[in-house]
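Add chains X and D to chain C, keeping to what the hints say.
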Amino acid sequence: MAFVAFGSQTPAKEQGPSKTGRVALFLLLPGLFYLALFFITPLVSLIITSLKAPSATGAIGRYDFGLEFGNYVYAVTQYAPQIFRSFSFAVLATVLALAISYPIAYFIAVKSRNRPLLKGILLTLVVAPFFISFLLRTFAWKQIFSNDSLVVNVLKDIGIFGADSYIIGTNFAVVFGLVYNFIPFMTLPIYANLDRLDLSLVEAGSDLYASPSKTFRKITLPLSLPGIISGTLLTFIPISGDYVVASRDFLGGPDTAMIGNVVEANFLRIQDYPTASAISVMLMATIVVLVSAYVRRSGTDDLL
Amino acid sequence: MTRFSLGKYLLPTYVFLTFLFLMVPIGYTFVFSFNDSIKSNIIWRGFTLDNWLNVCDQADVCGAFGNSLLVAVTATAVSTVLGTMIAIALVRYRFKFRSATNLLLFLPLATPEVVMGAGLAAQFLDFGWTKGLTTVIIAHVMFTLSFVVVTVKARVATLDPALEEAGRDLYASPMQVFWKITFPLLLPGILSAAMLAFALSFDDFIITQFNSGSVDTFPKFVYTAAARGIPPEANVVGSFVFIVAIAIVIAVQVRSALKKRKLLSK
Amino acid sequence: MATEFIARGQDLELKGIRKEFPGFVAVDNLDLKIPAGEFFALLGPSGCGKTTTLRMIAGLESPSKGEILLGGKDIAGMKPHERPVNTVFQNYALFPHMSVLENVAFGIRQRKLNEPLAKAEKALAMVELEHLAQRRPQQLSGGQQQRVALARALVNRPSLLLLDEPLGALDLKLRRQMQIELKAIQMEVGLTFLHVTHDQEEAMDMADTVAVMNQGHIEQLGSPEVLYDRPKTAFVAKFLGQSNMFIGKVTETNSETTSIEYKGKKITGLTKRSEKVTGVIAIGVRPEKTYFHETQPIDDPGLNILGPGEITDIRFTGVSNQYQIDIPGIGVMTVFAQNIGRSPVVELGAQVYVSWKIEHSFGLSDLPSGVEEEQ
Chain C
1 MAFVAFGSQT PAKEQGPSKT GRVALFLLLP GLFYLALFFI TPLVSLIITS LKAPSATGAI
61 GRYDFGLEFG NYVYAVTQYA PQIFRSFSFA VLATVLALAI SYPIAYFIAV KSRNRPLLKG
121 ILLTLVVAPF FISFLLRTFA WKQIFSNDSL VVNVLKDIGI FGADSYIIGT NFAVVFGLVY
181 NFIPFMTLPI YANLDRLDLS LVEAGSDLYA SPSKTFRKIT LPLSLPGIIS GTLLTFIPIS
241 GDYVVASRDF LGGPDTAMIG NVVEANFLRI QDYPTASAIS VMLMATIVVL VSAYVRRSGT
301 DDLL
Chain X
1 MTRFSLGKYL LPTYVFLTFL FLMVPIGYTF VFSFNDSIKS NIIWRGFTLD NWLNVCDQAD
61 VCGAFGNSLL VAVTATAVST VLGTMIAIAL VRYRFKFRSA TNLLLFLPLA TPEVVMGAGL
121 AAQFLDFGWT KGLTTVIIAH VMFTLSFVVV TVKARVATLD PALEEAGRDL YASPMQVFWK
181 ITFPLLLPGI LSAAMLAFAL SFDDFIITQF NSGSVDTFPK FVYTAAARGI PPEANVVGSF
241 VFIVAIAIVI AVQVRSALKK RKLLSK
Chain D
1 MATEFIARGQ DLELKGIRKE FPGFVAVDNL DLKIPAGEFF ALLGPSGCGK TTTLRMIAGL
61 ESPSKGEILL GGKDIAGMKP HERPVNTVFQ NYALFPHMSV LENVAFGIRQ RKLNEPLAKA
121 EKALAMVELE HLAQRRPQQL SGGQQQRVAL ARALVNRPSL LLLDEPLGAL DLKLRRQMQI
181 ELKAIQMEVG LTFLHVTHDQ EEAMDMADTV AVMNQGHIEQ LGSPEVLYDR PKTAFVAKFL
241 GQSNMFIGKV TETNSETTSI EYKGKKITGL TKRSEKVTGV IAIGVRPEKT YFHETQPIDD
301 PGLNILGPGE ITDIRFTGVS NQYQIDIPGI GVMTVFAQNI GRSPVVELGA QVYVSWKIEH
361 SFGLSDLPSG VEEEQ
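Here the protein sequences come in this chain order: C, X and D. Here my numbering is used: the first residue of the first sequence is 1, the next is one more, and so on. Here my numbering is used: the first residue of the second sequence is 1, the next is one more, and so on. Here my numbering is used: the first residue of the third sequence is 1, the next is one more, and so on.
Same shape as in the complex, but just chain C (with noise of 0.2 angstroms):
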């Protein structure tokens, strides 16, 4: 049911307002102070720590409070190539999981509902990659496209390679790793909605508009808008900051690195972390700006 965060919700039935407030404060006061002292004043944090300016003694990793806002200018300089290509992949990778996975979707949640053992099975396989570590399954595909693999040398023994050429390390192996990876994140939200499409609109549907494809247009995806929200932000906000796939170690190569790579570079390996947060505070704000816009337009405004 997380997956369906995103979407439109029908609103849980409010209670009466007679209940009394101090049982609503214990309830909630515990779990809202940790999220303020651990999510919050983290994000403050971070804005701090990116206005940050080196430290007057010159040592590495030591900064002084400032409000040196040239960090912005040279992140943003210094890292745009990494920022457009992050948004590319996310974008592109966002798109090519929704055309894999509403199919998919709507075969177990609409063909198969009549058949509750077929239904279980397909939802446990598509949950399985959860079931196996990210970094491992992510490794497996490395492996499977490396320079000596099966995959690649059948490919050249077919022609449609040539001798020098590769796969890991390319834009094409990090966006498959990502679309491979976020297949399910796209697939539950979108099936947990068609799960609950009332087939007699669809029937009333096909008495009205006739053809199956109209009716599909019609009737099916626009009720099942909220879904493919849900399911494109699910997507979308996690490959906007990965940086396992595009990690040269994994599926990525010297010019496939994301926004995410260059903040785990500058924060954990050169310890430079006023750029790190700087990156890091516009990408929560360009997140937060498109989901707001996003949601918005959809006119899902009912967020949780």
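Rather than coming from a laboratory, the hints here were simulated on the basis of the structure. Computed from a predicted model, the values in this text were never measured in an experiment. Don't take each hint at face value.
Quick list of in silico lysine-lysine cross-link-like pairs, PhoX-like style, CA-CA up to 20 angstroms [as the list claims (entries may be wrong)]:
{"#": "1", "chain 1": "X", "residue 1": "K8", "chain 2": "C", "residue 2": "K214"}
{"#": "2", "chain 1": "D", "residue 1": "K73", "chain 2": "D", "residue 2": "K33"}
{"#": "3", "chain 1": "D", "residue 1": "K272", "chain 2": "D", "residue 2": "K173"}
{"#": "4", "chain 1": "D", "residue 1": "K238", "chain 2": "D", "residue 2": "K276"}
{"#": "5", "chain 1": "D", "residue 1": "K289", "chain 2": "D", "residue 2": "K266"}
{"#": "6", "chain 1": "X", "residue 1": "K180", "chain 2": "D", "residue 2": "K112"}
{"#": "7", "chain 1": "X", "residue 1": "K8", "chain 2": "C", "residue 2": "K119"}
{"#": "8", "chain 1": "D", "residue 1": "K289", "chain 2": "D", "residue 2": "K357"}
{"#": "9", "chain 1": "C", "residue 1": "K119", "chain 2": "X", "residue 2": "K259"}
{"#": "10", "chain 1": "D", "residue 1": "K249", "chain 2": "D", "residue 2": "K272"}
{"#": "11", "chain 1": "D", "residue 1": "K249", "chain 2": "D", "residue 2": "K263"}
{"#": "12", "chain 1": "D", "residue 1": "K79", "chain 2": "X", "residue 2": "K180"}
{"#": "13", "chain 1": "C", "residue 1": "K119", "chain 2": "X", "residue 2": "K260"}
{"#": "14", "chain 1": "D", "residue 1": "K289", "chain 2": "D", "residue 2": "K272"}
{"#": "15", "chain 1": "C", "residue 1": "K218", "chain 2": "C", "residue 2": "K111"}
{"#": "16", "chain 1": "D", "residue 1": "K276", "chain 2": "D", "residue 2": "K249"}
{"#": "17", "chain 1": "C", "residue 1": "K111", "chain 2": "X", "residue 2": "K180"}
{"#": "18", "chain 1": "D", "residue 1": "K266", "chain 2": "D", "residue 2": "K357"}
Below, chains X and D without anything else, positioned relative to chain C:
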């Protein structure tokens, strides 16, 4: 009508092929857990059970796996309790700043992991906290909490408030109502939330890498090992977790199917 | 068998009860007294405040103002689980994770009384469901669930049993059957029943006393017969069945009769059956108390006679025919005629006169909504 009957086979074929595609890396990982490798685990060198039988020969793998379990269990316990409390409050009570609360719960779901990881790391840096298991657990509770809230909330919303009222009407105090009626009825939702939180925590890499310092979790071990080649013991752990998880999922499904059948048959 | 459950019910008295929700007043200054052992119905349309009233008695809502006295003791400050009151909920609210028997035993267990299961079994036997004790509520039919809910409440021998639209979820046939059963059980156990419903037939059928509620207050309280025969307000007249209504200025009134002038015609009723005898008042008559005649009836001071008018619609409903008669200068009247072969056989378009005995008129205290005083 011919087009329609073509579609009849097209979709199942497509679904079948896509599922095959989804299973490829899983199968690969599983098969290579039996590889009699020497140093790297890239080329098939023959079948062996050694990796499975002596998985802890690779002490790093076992230690990392243990850390992952510890983190996931602790973080799941904390976030399930906190999240369930919030979910009940959201559905059952009216309070001011509801929309602010909803926003606060929604934001972690809409924040890329790298931002949460870097932010928390920046904060620990500011506070001068040493990174280790504690900071990882703190981070995992944070990012799993909203998932728990969403999952449990869906269950609370299906719970008829009249059931709790009936309990109060039948002489149960508010605490008794919670433990005898609300909690047992929410339990399936709470359990699935806990399973989700556990899975998310166990498989998390990005937030962990930013906040773990020198402590290795299983995904972090794999990431570090990837540069020089992942040992087959890692495949063993991955395959083992996979089998356990699938077994749990199947058991849950079979159980609910049996229950449904029992209800219908009587 | 039922003697186990016989407990004398207690008087319930509401004094000046008011319940405000943000933005509206659900119940306004309500006074009500229900004698012990009575089957009392609170009848009204949805949103009239009847369910809020019941929830305040159960303790599920707390009144903004006023007292709730049970057996003379104010229970307004008590928590629901401290009140000797039990409820049969609208959708039964049976606990889905417990067997039927455990559901019924729940209240006994909570109060830590002896032999919860034995008592629950007896309660189930009373509603003739002992053979289903081990089932889950979801496995029962609607009518069976309803009876389990009743047993679960009755087993506690409450001083007062609240029924919140308990038959609303059942189909018509089952509802009628359950009405009879419920009434029989109430007579058997002798408890005070407070039944909330929007179904006027159900209320009239079962209750000793009915209170008709509208917009947070009680319009009229009385036996079903009195409410139907002598509604005091336009709301009650309309809510309980149909009526023909005439509004006009009082032209003469004495100790015997009161008459108004309605569009040039004199309409008369008995003074003792009029709530108001000055100014503009409304006089009504039930359609089944009116007759039509093919020839003009002879003038009679004991009769109101209108017409002639044209029959514009005839509806056959089985036991009676319902006629719409359009009388020029008067308006459309409704007349029910029993199908016992005594009424004249008339066809659509026939010209007829309408009459009724003046003792069948009733005079209301207010005017139907939408009617201005000046008329």
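Now for the hints, and whether the structure bears them out:
1. X:K8 with C:K214: This hinted pair holds, its Cα atoms lying about 17 angstroms apart.
2. D:K73 with D:K33: Judged against 20 angstroms, a Cα distance of about 13 angstroms means the pair holds.
3. D:K272 with D:K173: 40 angstroms, violated
4. D:K238 with D:K276: Holds - the C-alpha atoms of K276 (chain D) and K238 (chain D) are around 18 angstroms apart, at most 20 angstroms.
5. D:K289 with D:K266: With Cα atoms ~18 angstroms apart, K289 (chain D) and K266 (chain D) stay inside 20 angstroms; holds.
6. X:K180 with D:K112: 15 angstroms, holds
7. X:K8 with C:K119: Status holds; Cα separation ~17 angstroms.
8. D:K289 with D:K357: Distance of about 8 angstroms is within 20 angstroms: holds.
9. C:K119 with X:K259: 17 angstroms, holds
10. D:K249 with D:K272: At roughly 18 angstroms apart (the allowed maximum being 20 angstroms), K272 (chain D) and K249 (chain D) satisfy the hint.
11. D:K249 with D:K263: Holds, at about 10 angstroms.
12. D:K79 with X:K180: 18 angstroms, holds
13. C:K119 with X:K260: 15 angstroms, holds
14. D:K289 with D:K272: 18 angstroms, holds
15. C:K218 with C:K111: OK: K218 (chain C) and K111 (chain C) at ~19 angstroms, within 20 angstroms.
16. D:K276 with D:K249: Given that 20 angstroms is the threshold and the Cα spacing comes to 11 angstroms, the pair holds.
17. C:K111 with X:K180: 40 angstroms, violated
18. D:K266 with D:K357: 13 angstroms, holds
Checked against the numbered hints above, the structure breaks hints 3 and 17 and satisfies the rest.
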